[in-house]
Amino acid sequence: MMNSTLKNSTLVSLLLKINLGRLFVILVPMLWLAAFFFVPFLVVFKISLSEAVIAVPPYSPIFEWDATDAYATLKITLGNYLFLFEERFYLDAYLSSVKIAVISTIITLFVGFPIAYVIAKSSSTMRSILLALVILPFWTSFLLRVYAWMGLLKKNGLVNELFMSIGLIDQPIQMLQTDFAVYLGIVYTYLPFMILPLYTTLEKMDLNLIEAAQDLGAKPYQAFCLVTLPLAKPGIIAGCLLVFIPAVGEFVIPALLGGSDTLMIGRVLWDEFFLNRDWPMASAVAIIMLIVLVGPIMFMRNGNKEAV
Amino acid sequence: MSSTTKGQSKFLLASAGAGFLFLYAPIIALIIYSFNASKLVTVWGGWSFKWYVALFQNEQIMNAAWVSLKIAFISATLAAVLGTMAGFVLSRMGRFKGKTLLAGWVTAPLVMPEVITGLSLLLLFVAMESLFGWPAGRGMTTIIIAHTTFCLAYVAVVVQSRLASLDATLEEAAMDLGAKPSSLFFLITLPLISPAIVSGWLLSFTLSLDDLVIASFVSGPGNSTLPMVIFSKVRLGVTPEVNALATLMIVAVTIAVLAAVIIMRRQNKVEMPQN
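So the protein sequences, as listed, match chains A and B.
Okay, so the first sequence: first residue is 1 according to the UniProt record's numbering, each after it adds one.
Okay, so the second sequence: first residue is 1 according to the UniProt record's numbering, each after it adds one.
By construction, these hints were calculated from the structure, which means they are not laboratory data.
Please read all numbers here as calculations on a predicted model, not as lab measurements.
Just so you know, nobody snuck in bad clues.
For lysine-lysine, the following DSS-like pairs were computed, each having C-alpha atoms within a straight-line distance of at most 25 Å:
hint, chain 1, residue 1, chain 2, residue 2
1, B, K10, A, K204
2, A, K155, B, K233
3, A, K121, B, K10
4, B, K10, A, K219
5, A, K46, A, K75
6, A, K233, B, K10
Residues of chain B placed beyond 10 Å of chain A at every Cβ, according to the derived structure:
hint, residue
7, F49
8, K50
9, Y52
10, Q60
11, M62
12, T77
13, G133
14, A168
15, T169
16, D176
17, I188
18, V198
For every residue, glycine included, the Cβ atom is placed at its ideal position computed from N, Cα and C.
Isolated chain B (complex conformation):
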């Protein structure tokens, strides 16, 4: 590298470093203050776990967390199944009528503003209820349907890009050896794309846990999710319990991301010899 490019990269490194600082400073401040004994956010009153204790004694938050976890688990699982189907259809099924339509529908929820998705799903559920009597009222079911719909898109994209980067020779060999389409899928393709499905599931799970806007539209009374409870608490001001909750969630997500990275890396290593 010539000296000029080195000079340029010094500037670049400094700005990138500032960028990373910008990304992490608020999170780190939040974690530190979750251990603050003082109720005032800026006054440091020594280290304490009292907000964690208060958090676990807060029934409203604990109930909402349980509701959110259930919803996230079911929606992520449904989205993983449907999204894998959609991703597979888009990259392995050749041309068929409606393929462009499906491709459009799959990617559109990714960029649609949440307020529009939330409003449109709620109005759909209300119209469905008056037409068919189902879903009766809003609650877990409607949130799960809504979350599955937008998570499906993420899974489909992850699975599709995995399939696109995958060498098709194994699948072709299995076909040549007379494997039926179903056994070809379950014995060859599925194991090969399983890391993509796992990371799609994890992504869906966190997206569902995180969603405030869509859930607010399609939930019914008594079905507040965790973000809905946090939002209503936070709107009234900064609450130290939420700091503790945020820290726990950040730790959980960090562990999940690390696990996902390790799974993906191991899978890539296994495949190296083929390429």
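Looking at chain A on its own, in the form it has when it is part of the complex:
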């Protein structure tokens, strides 16, 4: 009792001291994000513990209120999670998404690094032109860029036609609806996410250091491995995380470019939700996906803090 009145009076005096305008500016974005970003995860977690039923909404309530005896029962089930671990299918989907995401992240790094390096080392006018050229596709619709590849990779698409006309192949190869197309799609659409952080760190790098290394007898590849790479490390980490995290949950690319056997967890979640209409199961899939990604996401956040 004493304690709570004490608390209240300090709270009131604290509130009076705080500038109301300042409080408003702080609270509005915080409350918005709490309501529409943080709370939703609690809701997902709650629903992942319920059972699917044929009703509106299609999941069982967690609390059941018994009017005659006037007590509430808590009804939760771990069934969805158990099912996730029992069924090979889900485990395979998680593993295959992580595999696809890792491999495409590495390819993206190899494709993006030279581009970032050349941009960082070019003259200032050239640099802004090249940067604009990298950013432009990033601003262009993601969906349409994936769609552009459908036209190229089709059986009678441009790539097959080109390869056949120069005699590289005799008959069209199946490229669309394969894992190859999924890798290509991820590398293509996420390339700007890799180039931009790489560029930011490489731009700050002192070229004299490389020259110094070479003057001291380092071969180009040695200078690259011993000087450039360590200096570019923050950019490499940031770029890889920016590609890897969304790639794990990717839905559009496997849906449009992948085949029916391309297994990715984002697509599984989508089907669970829209086709099977099993909301609790979709929630459980999302929660486990989130747990898989918590490490990388936290790492990304800490990296951001250091960069700022």
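Add chain B to chain A, keeping to what the hints say.
For chain B alone, kept in the frame of chain A given last:
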């Protein structure tokens, strides 16, 4: 530069050139084929505008485009206001309780897989409806709330980095001269960060126009956005009308990006003498 570094840069230039080719070849092919008179994507039937005509006569696409534009405009504007507040709070308000929490919440939507964001927002809206009766059903409102939430993060990051690179002396001088916090913000800080807010708004606008996954989760019947219509069309195969639509969108985005670059450059030039 020594000869060895020159040799290295030749290799680098070649790979970077190949990289740029990789980035642009599909887009260029798409633009060229949007003018193809033939319905078959690979058969060139001469230049024609017929797919553009077909596009504008397609009511489903036109309606969806209108819905998308409205949603993008409102969400970008809301996100610009909220994101500027968040960015300002994070870089200018000193320490306060919950700052790390806010910083985490601001950056997390940037990396969260879209399927998770979409699913969690939908489940929230359904739970809210059964608890408070609002939002009644899914549609424009729920899409706008969802888009504002993830666009806010982008605006906050852009504004925050702009504020971080900004010389605080002008703000300090105004404070010394007795400006109230509110007038300090509206007369000094806001004009200085306006290019960041404009580019944040443009970025939000395009992100909202582009979003398929989140919108699919939180939209209701009769509120299909443009990406949702494109996706359902494209899934059935390559449609020439979509080539025309893509070309128009690419042209629009190119103009917007050029405008943004010019605005940012002009602003940087104005500031040069201060630094």
